[in-house]
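Colleague: Using the hints, position chain B against chain A.
The primary structure of each chain is shown beneath.
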Amino acid sequence: MQYICLIYKNEAAGPQPGSEEFGAYIQAYQEFTQLVQKDGVFEAGDALQPAATATTITNHNGKVETTDGPFAETKEQLGGYYLLDCKDLDEALHYAAKIPSAKHGRIEVRPVMVFDN
Amino acid sequence: MLPPFKLEQAINQIVQEEWGRILAALTKSTGNLQLAEDSLQDAVESALQHWSIQGLPEFPAAWLIQTARRKAIDRLRRESNFARLQPEISYLIDLQNRAELEDVEVIPDKRLELIFTCCHPAIEEKTKVALTLRTLGGLSTEEIAKSFLDKPQTMAQRLTRAKQKIALAGIPYKVPCTEDLPERLNAVLRVIYFIFNEGYQASRGKLITRGDLADEAIRLCRIIANLLPKQPEITGLLALMLLHDSRRFARQKANGEMVSLENQNRQSWDKQKITEGTQLIKAALSQQKVGPYQLQAAISAVHAESQQWQDTDWTQIAALYQLLYTLQPTPVIKINHAVAVSYAESAKDALALLDTIAESTDIQNYQPYHAARADILKRAGQVKEAILHFDKAIELTQNTAEKIFLQARKID
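For the record, the sequence lines run as chains A and B. The numbering of the first sequence is this note's numbering, which starts it at 1 and goes up by one. The numbering of the second sequence is this note's numbering, which starts it at 1 and goes up by one.
Chain A with its partners taken away, still in its complex shape (with noise of 0.2 Å):
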């Protein structure tokens, strides 16, 4: 089954770029990716830019209207994701709680929908 892990924290918590401990954060990243490409469980996963950066678009009624900035202004934004296919949730919630972004902010586990042909 496949399961997207959706990495979401205050951007202004845990390690900043710039920062010491910004480096063993990515180094974390990393490995953490290396890990579940290791047990075959990775599909895919990216890091996202800062929230400042989204664009939100609706298309209601052929009108399409664009706002700055993301779709919820909320303390914690999406910051990327890992796509991984895992055997069942607890597999997929095993390697998310290893996802560094948990100590700071939160991951949301959803399983991936499979259209019946």
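Bear in mind the hints are in silico, worked out from the structure with no lab data behind them. One or more of the hints may lead you astray.
[To be verified] Computed Cβ-Cβ distance ranges for the label pairs, DEER-style:
id, chain 1, residue 1, chain 2, residue 2, range
1, A, Leu83, B, Thr330, 36 to 42 Å
2, B, Glu79, A, Leu83, 27 to 33 Å
3, A, Thr56, B, Glu125, 53 to 59 Å
[Said to hold, decoys possible] The list that follows gives simulated cross-link-like pairs (lysine-lysine, DSS-like), each with its CA atoms no further than 27 Å apart:
id, chain 1, residue 1, chain 2, residue 2
4, B, Lys165, A, Lys9
5, B, Lys151, B, Lys28
6, B, Lys282, B, Lys348
7, B, Lys165, B, Lys71
8, A, Lys87, B, Lys253
9, B, Lys165, A, Lys87
10, B, Lys174, B, Lys289
11, B, Lys71, A, Lys38
12, A, Lys98, B, Lys378
13, B, Lys253, B, Lys71
14, B, Lys174, B, Lys230
15, B, Lys253, B, Lys282
16, B, Lys28, A, Lys87
17, B, Lys392, B, Lys378
18, B, Lys253, A, Lys98
19, B, Lys28, B, Lys165
20, B, Lys271, B, Lys253
21, A, Lys87, A, Lys103
22, B, Lys151, B, Lys126
23, B, Lys28, B, Lys71
24, B, Lys165, B, Lys230
The beta carbon of each residue, even a glycine, is placed where N, CA and C say it ideally should be.
Modeller: For chain B alone, kept in the frame of chain A given last:
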């Protein structure tokens, strides 16, 4: 052939006893809790029809599981994504062909796997309880709704959503790995104890004892204890519930009025439950992996072995609460510790203990704190101050029986 009335009773009894075991086995083989439940429900209806004409089969449980498997195959065949389900259908047909009319004993027992599914951390707390009662207890949605004071429809939706989540999110039917086991087992025990307490003390209702739920919790705990040996906390919980339950008929008058431990007629305590509970807790403690349920059971056992209130070994109880507080630093344990100290040492020592938690606003709105403080003060002769706390405790109590009890205590 049995007369209809008895037959219906016999069928209900078989269904209640075997429901969890059959449902667990079906869930494991179909991989789908909703399908397993629907198919078993079909089989039960079928049983009511067939058995009333042909009488009870030799192995009713086997009859039920085989019929349920057939119903599951039928249901799968009616599904729109029939082609994709072919492997499941073949597997069930294969199981069905190999099966003989076996005794229930040879049906693999998968109840442990199922209870870990129902009590998975990805499921909300109240839903865990409802799911456990439905799948392992075989209680109907209406019965569960009633114990939660919920509308049956609301409860049905809650259960359906949970089963959907289990299926779609891939919550497994398995005993957790060693690393996860302690925490996951804790969740299971918490659910069982919650069921017991709902049965033992209905906080919002009129009557204190709703025996069916307490019995069900004890039955579930026995099953878990058998399936997962060498876990002293399971034994501890079982002992704790048996010891509490031994006082079921002593703790409430016929009119619903609550009787405190001090005033209970100890002759009406259930000796058999006390003997079993005491033996279990001794066995659990001898494994030297002490935990909160074992300590609570040990405290209950100390009460159980005193012939009368005056003989209670308060020094031992105080020591056990002190140890319990180190494992579970909660206000309620501190309060109980203080009460024990008030008997073992002095009211002054007890009040000093209560003072250590009195600061927080939560405590100021916590009924047991005021009830305990009122009682200790009253016994120490500080009547005026006692009354203030009695009034506060009465104000914070929702249970009618308990309100009456506190009123009486205040003025006696």
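Colleague: All hints are to be evaluated individually against the structure, with a verdict given for each.
Modeller: The hints, checked one at a time:
1. A:Leu83 <-> B:Thr330: 36 to 42 Å: holds, 41 Å
2. B:Glu79 <-> A:Leu83: 27 to 33 Å: holds, 28 Å
3. A:Thr56 <-> B:Glu125: 53 to 59 Å: violated, 35 Å
4. B:Lys165 <-> A:Lys9: Satisfied, since the Cα-Cα distance of roughly 25 Å is no more than 27 Å.
5. B:Lys151 <-> B:Lys28: Violated, at about 30 Å.
6. B:Lys282 <-> B:Lys348: It is violated: about 33 Å lies between the C-alpha atoms, which goes past 27 Å.
7. B:Lys165 <-> B:Lys71: It holds: about 23 Å lies between the C-alpha atoms, which stays within 27 Å.
8. A:Lys87 <-> B:Lys253: violated, 54 Å
9. B:Lys165 <-> A:Lys87: Answer holds: lysine 165 of chain B to lysine 87 of chain A is near 16 Å, not above 27 Å.
10. B:Lys174 <-> B:Lys289: At roughly 25 Å apart (the allowed maximum being 27 Å), lysine 289 of chain B and lysine 174 of chain B satisfy the hint.
11. B:Lys71 <-> A:Lys38: violated, 43 Å
12. A:Lys98 <-> B:Lys378: violated, 54 Å
13. B:Lys253 <-> B:Lys71: Violated - the C-alpha atoms of lysine 71 of chain B and lysine 253 of chain B are around 48 Å apart, more than 27 Å.
14. B:Lys174 <-> B:Lys230: holds, 19 Å
15. B:Lys253 <-> B:Lys282: Between lysine 253 of chain B and lysine 282 of chain B the Cα gap is close to 31 Å, so the pair fails against 27 Å, i.e. violated.
16. B:Lys28 <-> A:Lys87: Roughly 16 Å between the alpha carbons, so the hint for lysine 28 of chain B and lysine 87 of chain A holds.
17. B:Lys392 <-> B:Lys378: holds, 14 Å
18. B:Lys253 <-> A:Lys98: violated, 55 Å
19. B:Lys28 <-> B:Lys165: holds, 17 Å
20. B:Lys271 <-> B:Lys253: Cα-Cα ~19 Å, so holds.
21. A:Lys87 <-> A:Lys103: holds, 25 Å
22. B:Lys151 <-> B:Lys126: holds, 14 Å
23. B:Lys28 <-> B:Lys71: Holds: lysine 28 of chain B and lysine 71 of chain B sit about 16 Å apart, inside 27 Å.
24. B:Lys165 <-> B:Lys230: Outside the cut-off at roughly 32 Å; violated.
Hints 3, 5, 6, 8, 11, 12, 13, 15, 18 and 24, counting from the list given before, are not met by this structure.
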